[in-house]
Amino acid sequence: MASTTSPSLLLRIRDPNDQDAWSLFFDLYEPIVRSYSFQKRIQPADMDDIVQDVMSSVAKAIRSFEYDPKKGRFRAWFGTVTANRIKTFLGKQNRQREKTPQREIVNSDEYVDPDTDWITIFSERVFWSACNRIRNNFNETTWACFEATWVRNESANEVADQLNVPVHSVYVNKSRVVKRLESEIRLLADDMPISQGDIS
Amino acid sequence: MNDKIEMACPSRNDLLGLLDESLVDADINRHISTCEVCQQTLDRLTDSADLANYRDVVVENNDRSRYFDPPITEGDLGSLEGLAIERLIGTGGMGDVFLARDLNLGRKVAVKVLSCRQSHESTARFLREAKSAAKLKHDHVVSVHSTGRTSDGTPYLVMPLIEGLSLKECIVKGRADFRQMTDWIRQIALGLEAAHSEGMVHRDVKPGNILLDASDGRAKLTDFGLARSLGDETLTHADVLTGTPQYMSPEQANGETELGPATDIYSLGITLYECLVGTAPFQGQPLQILEQHRSTTPLRPSRLSRQVPHDLDTVCMKAIAKLPSQRYASVAEFGNDLQRFLEGRPVLARESTSLEKFLMWCGRNRTVATLAGTTLLLLLTLVVASTISAWRLRSANAEIVGEKEKATSAEKLAVADRNAAIAALETVVDSLYEELADNAASIQTREQVINAAIDGLEAISKVDGDMKSDRTACRALMRIGDLCFLKGDQASGELNYDDAVKIARTLHTTHPDDLTAKRELATVLGRFAANYLRIGNVKYVPLSDEATKLLKEVVEKEPTDFDALLRLVVQHDQQMEQIRFNANNEPQKVIDYGESIIKDIKQVIQLNSGNRSAYETAQKIHFNIGRGYLESSQPAEAAEHFTQAKVYIDQALIQAPKNVKLLTSAAIIERAHGMALASQARLDDAIDYYQSALGKLKRLAAADPTNAMQQQHVANTQTIASLTYMQEGRFDEAADASASAVKIFEDLLELNPDNEMARVVLVQTRFQLAGILVVDDQLDEVELACKQIRLEMEGKKFAANFLPAINYFRSGANIIDHTAVWLKGNRPSESSSSDQCLALLLSARRDVRDSTTNQLSAETLSMVERMELKLEGTNLEAMVTLINGFEGLHPFVGGQVKIGEAALYGRLAENIQEAQGAAGKQEVDWLVGKSVAAIEAFAAQMPVAQLKEKVLTNYELKWLRGTDAFQTAWQKIVDSE
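If you read the sequences in order, they're chains A and B. According to the numbering used here, the residues represented by the first sequence are 1 to 200, in order. According to the numbering used here, the residues represented by the second sequence are 201 to 1177, in order.
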């Protein structure tokens, strides 16, 4: 799997004809907007509108290079777009104000996550999607090493003992999965530093 | 291991090479298996900092931080009796969990050590609770092996080591589909059930406390009884802030101390919610969450996740109802419903529509379906086909009987299946009965169908045998009772209802505060009463009164209990029908009762603006009030209620736009509205209403040509319209309408000679037709019409309540007949003062029709002579004197005398004015004066309301009504009221 050389999802969707990228993008990010809207108490009747609104403006913005990776993480930019939309919607609802035209969707020098709710929802979704996508590339033992040491923080010795593998293999296995997971997350969300060789 | 060589630690680059698999060195590999320094380096190298950010978010909201900084370490614990502590494996609100080896049994165990800083009292309680939890052995509960205290007195528990994820982790990772998770919740319900039956309440059910044992695939509930022991008996601010309020029940949130099993049901329900949606329903600050538990109903899971089926949704919502009484009565019921869902059976949490239940039930249970199912299915097909003709029913019935014989071998039915079957049967029988009730031609078939349904019900209600305390049995008995009453078997009907009342009463007595039981008893009593009412048995009174009383109690406690209110309104409707039946000539009673219950109708509609039954009952009550007003000659008020009835029936029609019964009622309301308008002398408007109603009824009748009732509605409308045409002086149209009504009734009677009602109305219509013909001078046809009236009644028996009308028509027909003979210049074989009077009146009318003098014609004078009466002069006044002198007139004629007098003078005045204009003013004024005087005299004899109807709707007085003299006099009469 030469995944490190694949262009990231956010790059791919600049091509309107890349259907696979589009459907992956929607599958991955739509639920994030949905569950964030839910936490912000958007009524289900309005939810579809908001989600559609956010997703289409995000897609448009990405295509027109409005999202600038130099200004910060995609997570923060995406979160700001979503939070702004929800704010606009709730404001309109409260004050019945006319919608002000919003040409530029995020106008700041540095992108900042709207709140910790957003970080949690975004991270959970991206992380577990990435896990699910790569899970089948590894055998049981490899994955078990990763899960025990990285997720549950069990010692390599203990894990080696339980799984009946040499200690160094535990580390190699863990390292493989971690690297793969990093590159998958980078692929999905542009959310890993590009320098990849030294991970310490 | 023996030839282990001490070597120096490899370089960082070597280790990196090892990790990216570019360096393979057996020595290095061997070295790192024992070198802690290298291991720590490798730990750091492989623990990607960027990925760790994700981990911190994903893995139990920072709980993992405590892995790195545990409050208690293995060393602190020292050695526990018979246990070798290995390392910390988890931490939670209760304390820390260590992996340990049981030195005696050699197995791995989990040791949960209570967090420090607990009071002596609470540690004692912790151990006490833990000991009782230790007694609980269940597949779905993590058992407690033993308890003890560490050297510093901290209590701990020894439990089996469960390897696997917690449900919380599983939800977050999205590893299982909702069915799998639902099944785990079901398993936990089993565990809780066992605990509840031991009197133990968990009080802290949440996904984090549910472990999924990888070794046997079972879901297991842990931390039993610990919350209770640790949670101080009162809930403090601080407790809330430190605890997880997301799964607390409203009663916990309220700080209640006596928490029962219902609390666990709620928390397990919230856990299910989280499984279905991915997040718990309430988020935010702890105190906000508590408030939401108390007051906010969460969105249904299906609104947030489309894959959640409706049934599961409903189960979940029932478990997390705010009031414990609205939740499942036990966690076992909750679990059973989940089981039912998983097996594709209808859940009990909601009343799915009967038809839905029925179909699900038939689909699942083929063998049982043959017992009652095929019976039902056949009935159902018939109902769906909706146009039921007698022959079709008859052949269907033969099939039903055949199927039933084949199917007696079917065996067991669960209670819920019985419920479903009975509900389905109820629906089917109800709609079938409605269809059949309207169809006079299928009385025998109806009985056969009813018998089949009774057999089916008995079969269903007997399976399982437990008839005593069973609501299902109660319903079955009630329905059997209904059917018995319907087919006229009063004795069996009473027996079944007595049993049903007994069950409902027992349930109510044993649960005096349970509103459902109260409502149920009221329902049984109300329906029992309705059956008595239908057969006119006064036994209904105490039943109906008690039902009303119970319902009022329910509504008083629960003013928004829609079911009870609806039932109460239905009860009102029943009461009103009865008052109408008893009141006869006292429509005021109906009005008074009706007006007193309007607020209940409004309330019931307001509570559930989508309920069709509510609208149906509401329109019926307004219709009856309107009818009361119409009968007591208050047409304006009547019209108001008909308008309201129309509003309600339109609402009902929105939901069932093709329902024949509703469409028919709508047309009949329109017709009644027309009658109210006619009584207000708005004859043209009235005719518009009749025409519209007639159009609708004709369409309905055309769609179902064998339905006698629909035909009858058309004919009745024609009869009513005919009367108004006559009042307008539109004789041709009046005669046409009557004639077509007559034709319809004749056809109906040919098909079913026993339709007494149709015969009575036929006679009435013929009588009306004869009256029209005689006034319209079609004397030859009058004779024929009267002959037919007599024929119609010859040798026929009529029910007592029809007799007054029949006698009226009989003697009225004679009078009209004789009048025609007199008018033709002959002398009838026998004569009465009534027909003489009527003949003179009509003859005089003929005289003034074209005349501008008040002289009588030779024909009229010779008629007087033939009657051997004495006339004081030859002019109109002499005739009026003569007519006024008649005594003992038939009511049909009596009502016409004074009006006739007014009409005669009025008509003459009209003619003179037309012929002479202003020149004849003096004479016209005089005649108008006489006419008005006649009306005034008439007014002294009857209530203004009736007078209005007669004076204002008589076409012969039309001109007179336009004169000033009339207007002034009329105003006085009206004002004197």
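Hints listed in this document are in silico derivations from the structure and should not be mistaken for laboratory results. It is possible that some hints are incorrect.
Among chain A residues calculated to face chain B with C-beta under 8 Å, some are [as the list claims (entries may be wrong)]:
(1) Arg75
(2) Ser123
(3) Phe127
(4) Glu182
Computed Cβ-Cβ distance ranges for the label pairs, DEER-style [unchecked claim]:
(5) A:Pro7 to B:Glu236: 39 to 45 Å
(6) B:Ser211 to A:Asp15: 54 to 60 Å
(7) A:Ser56 to B:Asp416: 47 to 53 Å
(8) A:Asp68 to B:Gln806: 53 to 59 Å
(9) B:Arg379 to A:Ser64: 23 to 29 Å
(10) B:Arg812 to A:Arg152: 57 to 63 Å
(11) B:Arg379 to A:Glu147: 39 to 45 Å
(12) A:Lys70 to B:Ser415: 48 to 54 Å
(13) B:Lys373 to A:Asp68: 29 to 35 Å
(14) A:Lys70 to B:Arg255: 24 to 30 Å
(15) B:Lys373 to A:Gln39: 15 to 21 Å
(16) A:Glu147 to B:Asp416: 18 to 24 Å
(17) B:Leu499 to A:Ser64: 32 to 38 Å
So, partial list: chain B residues that the calculated Cβ filter (under 7 Å) puts toward chain A [claimed, not checked]:
(18) Ser233
(19) Gln239
(20) Lys373
(21) Gln483
Just so it is clear, the structure is predicted and the values come from calculations on it, not from any experiment. Built from N, CA and C at the ideal position, the CB exists for glycine as well.
Right, here's what the structure says about each hint:
1. Below 8 Å, beta-carbon pairs count as interface contacts, and arginine 75 (chain A) has none with chain B, the closest being about 10 Å; its hint is therefore violated.
2. Hint status for serine 123 (chain A) relative to chain B: holds, with the closest Cβ pair at about 4 Å, below 8 Å.
3. A distance limit of 8 Å between C-beta atoms decides the matter here; for phenylalanine 127 (chain A) the minimum to chain B is near 5 Å, and the interface restraint holds.
4. At its closest, the beta carbon of glutamate 182 (chain A) sits 6 Å from a beta carbon of chain B; the interface hint therefore holds under the 8 Å criterion.
5. Checked against the hint of 39 to 45 Å, the pair proline 7 (chain A) and glutamate 236 (chain B) passes, with Cβ atoms roughly 42 Å apart.
6. Roughly 45 Å separates the CB atoms of serine 211 (chain B) and aspartate 15 (chain A), a value that falls outside the hinted 54 to 60 Å.
7. Between serine 56 (chain A) and aspartate 416 (chain B) the beta carbons are some 48 Å apart, a value that agrees with the proposed interval 47 to 53 Å.
8. Checking the proposed 53 to 59 Å range against aspartate 68 (chain A) and glutamine 806 (chain B) shows it holds: the Cβ atoms sit about 56 Å from each other.
9. The hint said 23 to 29 Å for the Cβ distance between arginine 379 (chain B) and serine 64 (chain A), and at roughly 43 Å that hint is violated.
10. For arginine 812 (chain B) and arginine 152 (chain A), the Cβ-Cβ distance of about 58 Å falls inside the hinted range of 57 to 63 Å, so the restraint holds.
11. Between arginine 379 (chain B) and glutamate 147 (chain A) the beta carbons are some 25 Å apart, a value that contradicts the proposed interval 39 to 45 Å.
12. At roughly 51 Å, the beta carbons of lysine 70 (chain A) and serine 415 (chain B) sit within the given window of 48 to 54 Å.
13. Taken as a hint, the range 29 to 35 Å holds for the pair lysine 373 (chain B) and aspartate 68 (chain A), whose Cβ atoms sit roughly 33 Å apart.
14. Separated by about 27 Å at the C-beta atoms, lysine 70 (chain A) and arginine 255 (chain B) satisfy the suggested range of 24 to 30 Å.
15. For lysine 373 (chain B) paired with glutamine 39 (chain A), a C-beta distance near 19 Å keeps the hint of 15 to 21 Å intact.
16. A C-beta distance of roughly 20 Å is found between glutamate 147 (chain A) and aspartate 416 (chain B), which places it inside the suggested range of 18 to 24 Å.
17. Distance hint check: the CB atoms of leucine 499 (chain B) and serine 64 (chain A) are about 36 Å apart, consistent with the given range 32 to 38 Å.
18. Here the hint on serine 233 (chain B) is kept, as its CB sits about 4 Å from the closest CB of chain A, short of 7 Å.
19. A least Cβ separation of about 6 Å between glutamine 239 (chain B) and chain A falls short of the 7 Å threshold, and the interface hint therefore holds.
20. Annotation: lysine 373 (chain B) was flagged as interfacial toward chain A, and the flag holds, the nearest CB pair being 5 Å apart, inside 7 Å.
21. Look at glutamine 483 (chain B): its Cβ gets to within about 5 Å of chain A, closer than 7 Å, so that hint holds up.
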